[in-house]
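In the order they appear, the protein sequences are chains A and B.
Positions 39 to 147 (this note's numbering) are the ones given, in order, by the first sequence.
Positions 115 to 580 (this note's numbering) are the ones given, in order, by the second sequence.
These are computed hints drawn from the structure, not numbers from a lab.
Every value quoted in this text rests on a predicted model; they were computed, and no experiment measured them.
Note that the Cβ used here is the ideal one computed from N, Cα and C, for glycine as well.
Any given hint might turn out to be false.
To be verified - Which bits of chain A does chain B cover? Going by a derived footprint, with three or more residues having C-beta under 8 angstroms, they are:
id, segment
1, 83-92
2, 106-116
Said to hold, decoys possible - DSBU-like mimics (lysine-lysine), calculated; alpha carbons at most 35 angstroms apart, straight line:
id, chain 1, residue 1, chain 2, residue 2
3, B, K368, B, K456
4, A, K113, B, K262
5, B, K456, B, K283
6, B, K368, B, K479
7, B, K327, A, K113
8, B, K233, B, K258
9, A, K135, B, K262
10, B, K327, B, K456
11, B, K283, B, K327
12, A, K135, B, K368
13, B, K268, A, K113
14, B, K268, B, K258
15, B, K258, B, K283
16, B, K479, B, K258
17, A, K135, B, K258
18, B, K233, A, K113
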Amino acid sequence: MIIEICDSAAIPEGEIRRFEPEGFAPIAVARHEGRLYVFPDRCPHADESLAEGWLEDGRVVCGVHFAEFELDTGKVHNPPVGCPNLSFFRCEDRDGKVFATLTGGPEYV
Amino acid sequence: MCDTGCAGNAGRPNMAPVYPKAGRYPDYARLVDRNRAQVDRRVFVDEGVYQAELQQIFARSWLFLAHESQIPNPGDFIRTSMGEDDVIVVRQRDRTVRAFLNSCPHRGNRVCMVDAGSKARGFICNYHGWSFGIDGGLRGTDGKVYEKDETFEKAQIGLTPVAQVDSYKGLIFGTFDPNAPSLLEFFGPFTFYLDIMLDNDEGGTEFIGGAIKSEIDCNWKFPAENFVGDILHAFWTHQSGAQAILGGGVDLGKRYDELAFQASVYGHGIETNLDKVGNTRTLGYPELVDYVFDLSERARDRLGDLRSRAIGAISSCTIFPNFSFLPGQNTFRVWHPRGPGKIELVVWTLVNKNAPDHIKELYRKGVMMTFSPGGVFEMDDGENWEYSTRVNQGFVTRQQPLHYALGLQSADLDRDLPGHIHKGSLNDANQRLFYTRWAEFMEHDNWTDLQNGETAPPQKTASAAE
Ligand code: FES
Ligand code: FES
Ligand SMILES: [Fe+2]
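Only chain A is shown next, with the shape it has when bound in the complex (with noise of 0.2 angstroms):
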């Protein structure tokens, strides 16, 4: 089932902004280079929010330990410890709005 999350507008290029969307897990929403990235509002390492880190260099960055994940494949760098890759959802950008495919939970790209 697909989604609305937000206006487009609300994601700012180089933004990541967290969302609350009813009955799921908070999601993080990102653009870079113009093109929008969801993915779960919680850090693959230790559970911590992402929308409190940045992007850098096309990677979230986790503000807490500094994991950076790849945004167009996910791939962990810098990992603490037994830190896994990102998983993104899919997502659209449509009418002005963006809409993501939460049910069935992130999948690795």
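With chain A fixed as given, assemble chain B with the ligands onto it according to the hints.
Frame of chain A, contents of chain B with the ligands only:
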């Protein structure tokens, strides 16, 4: 911890920073005898005195932290000490500078292990992984654990900030005392003398070439008093070093009697000649001497005749309590206390930003050869300070008086300069005022008394007495 019962209602922690209160130590203050110009040797070895110094002096004074040029960009940081307290000094995203105790509020572990770095993202504690932003705030811990604990209040936890941080012409200082007067009030009119080094050229100053650290087994006050006004020792201690570098002995110049003086405000002191290049010559590079002659001419407009002649002159300075420098040789240093009988010495070289690169390079090398752990002059001094400290382990020895009475009648009331002025630089006057300031810190628990005692600049004392 479990006063209210450990069954789930235990009192919540109060993680607000604690800034210690000053006390009063009149017995220690009396160890400095102003009437006899004597200092009791216990100030150099007694553990009780030392602990009182940490509380009364180092937890209250403005202490040197860093030069602005060491941390130009957001996230740039250096680790230093304030007394024995380990601190991190970090440039913030808004370009201001803040400083924090380098100790995790969880179990106290150090959160920053390295001496310096650039563009830090934050500081992660090695023990349980608590993570702090460059603003000192707790960013996160381990969400898997703490998120489930509903009483955990992340927002009120962080590294303890140094209460006040401010800078003066490139030099950054901090104090742990939220009630301390401003940095400018702490200096008083002594800034007049600081500008000799900090404002003699357009464009300001910078530190070059990193820091050099060493340890000396001496009490921190021996080097501090040496730099506050002890050119006397140069004629004996440094004579052979000077001979080696200059091919001649230490020479105070022809007009010494007429020109040299000591100035002191709130225990900060400078002793100086007005020979223009006496200190600079000891670095051993004729190009530097030419540079300073030239600079001295150009600086006349900014600083006036007297101060422009002091830029490279035979002179030395201490900012109370433990930050010192030598004009002319351009070495800046902090004498960090490490117990009554040990210091950690950190040394930097300061140059004018606008100086040509080859001049900067000569200063760097010159300071290495003279005032580094292997430098000709530093070696001379350290041994003296070590024995001046160590001998007082002797029970009988430490009962014996010390003589601080050179120049008792040398006050210069005619010269129109800020602070307490004494004639000649061969004089114990500034050292007496340094220890008087030390005694004021032991005696008083408040800044009103601290800023209006004997060491306060003279006209201020006069108006306070009216
Ligand atoms: S919680 Fe993100 S790196 Fe540790
Ligand atoms: S002591 Fe720092 S995280 Fe535990
Ligand atoms: Fe010396």
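Consistency of the hints with the structure:
1. Look at the segment 83-92 of chain A against chain B: 5 of its residues bring a Cβ nearer than 8 angstroms to a Cβ of that chain, three or more, so the hint holds.
2. For the segment 106-116 of chain A, the assignment as covered by chain B is violated, since 0 residues bring a beta-carbon within under 8 angstroms of that chain's beta-carbons and 3 are needed.
3. The suggested pairing of B:K368 with B:K456 is violated, with an alpha-carbon distance near 39 angstroms, which exceeds 35 angstroms.
4. Distance restraint check for A:K113 and B:K262: the Cα-Cα separation of roughly 28 angstroms lies within the 35 angstroms cut-off, and the hinted pair is therefore satisfied.
5. Straight-line distance between C-alpha atoms of B:K456 and B:K283 comes to about 31 angstroms, which keeps the hinted pair within the 35 angstroms bound.
6. Note on B:K368 and B:K479: the hinted pairing holds, with a Cα-Cα distance of about 29 angstroms set against a maximum of 35 angstroms.
7. Straight-line distance between C-alpha atoms of B:K327 and A:K113 comes to about 42 angstroms, which puts the hinted pair past the 35 angstroms bound.
8. A distance of roughly 28 angstroms separates the Cα atoms of B:K233 and B:K258; the hinted pair therefore holds under the 35 angstroms criterion.
9. In summary, the hint linking A:K135 to B:K262 is supported, as the alpha carbons are separated by about 33 angstroms, within the 35 angstroms threshold.
10. At most 35 angstroms may separate the alpha-carbon atoms for a hinted pair to count; B:K327 and B:K456 meet this at roughly 13 angstroms.
11. Taking the CA atoms of B:K283 and B:K327, the gap is near 24 angstroms; set against the 35 angstroms cutoff, the hint holds.
12. Between the alpha carbons of A:K135 and B:K368 the distance comes to roughly 84 angstroms, so the proposed pair goes past 35 angstroms and is violated.
13. Taking the CA atoms of B:K268 and A:K113, the gap is near 29 angstroms; set against the 35 angstroms cutoff, the hint holds.
14. Distance hint between B:K268 and B:K258 is fulfilled; the C-alpha atoms sit about 14 angstroms from each other, no more than 35 angstroms.
15. The straight-line distance between the Cα atoms of B:K258 and B:K283 is roughly 47 angstroms, outside the 35 angstroms bound, and the hint therefore fails.
16. At roughly 54 angstroms between alpha-carbon atoms, B:K479 and B:K258 are farther apart than 35 angstroms, so this suggested pair is violated.
17. Proximity of A:K135 to B:K258 is assessed by CA-CA distance (about 32 angstroms); at most 35 angstroms being required, the pair is judged to hold.
18. Note on B:K233 and A:K113: the hinted pairing holds, with a Cα-Cα distance of about 24 angstroms set against a maximum of 35 angstroms.
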